[in-house]
Amino acid sequence: MSAESKQIQFIGIDPTELIQQLKTSLIAEIIPHLEIKKPNNDLGLLSRNEVMNLLNISSSTLSRWQKDNVIPFIKIGEGESCKVFFKRSEIETMLNIKSN
1 MSAESKQIQF IGIDPTELIQ QLKTSLIAEI IPHLEIKKPN NDLGLLSRNE
51 VMNLLNISSS TLSRWQKDNV IPFIKIGEGE SCKVFFKRSE IETMLNIKSN
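Residues 1 to 100 in my numbering are what the sequence shown lists, from first letter to last.
If a hint is listed, it holds; no wrong ones were tucked in.
Label-pair ranges, simulated between beta-carbon atoms:
no., residue 1, residue 2, range
1, Ser60, Glu80, 17 to 27 Å
2, Asn56, Asp14, 51 to 61 Å
3, Asp68, Gln20, 52 to 62 Å
4, Ile30, Asn53, 29 to 39 Å
5, Arg64, Ala28, 49 to 59 Å
6, Ala28, Arg48, 33 to 43 Å
7, Leu18, Val84, 47 to 57 Å
For the record, the hints were derived by calculation from the structure and aren't laboratory data. Note that the Cβ used here is the ideal one computed from N, Cα and C, for glycine as well.
Kindly produce the complete structure, drawing on both the sequences and the hints.
Right, here's the structure in full:
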C-alpha cells in the first residue's frame, strides 16, 4: 500500500477507532505474505485421528486394538501429557493386509 493510496485522519478520531483501523490495515498488509506450514513429520508417525481415518475405524475400535496389542503404538511423554502415535509403515502394512 503506498502512502498516496490511503490516508488516515488523526484529528477528531477516537483512539479505539484509530487502533482498530491500524489493526485492519496491518492485517490486510501482512496476510498475503504469510505461509501456512504443515508440521514436518520426518519420523513417519501418525496421530490417532490419522490412523482412524486411514483404517476407517472408530476411536473405541482403535483403543480396543491398542489394549489387545492388535496394533503397535508408541507413547511419547508421561502422565496427562502423554501422546500416542503409530508408525506409518506399520499402518500401511495393516492397510495392505486389510485390502487383500
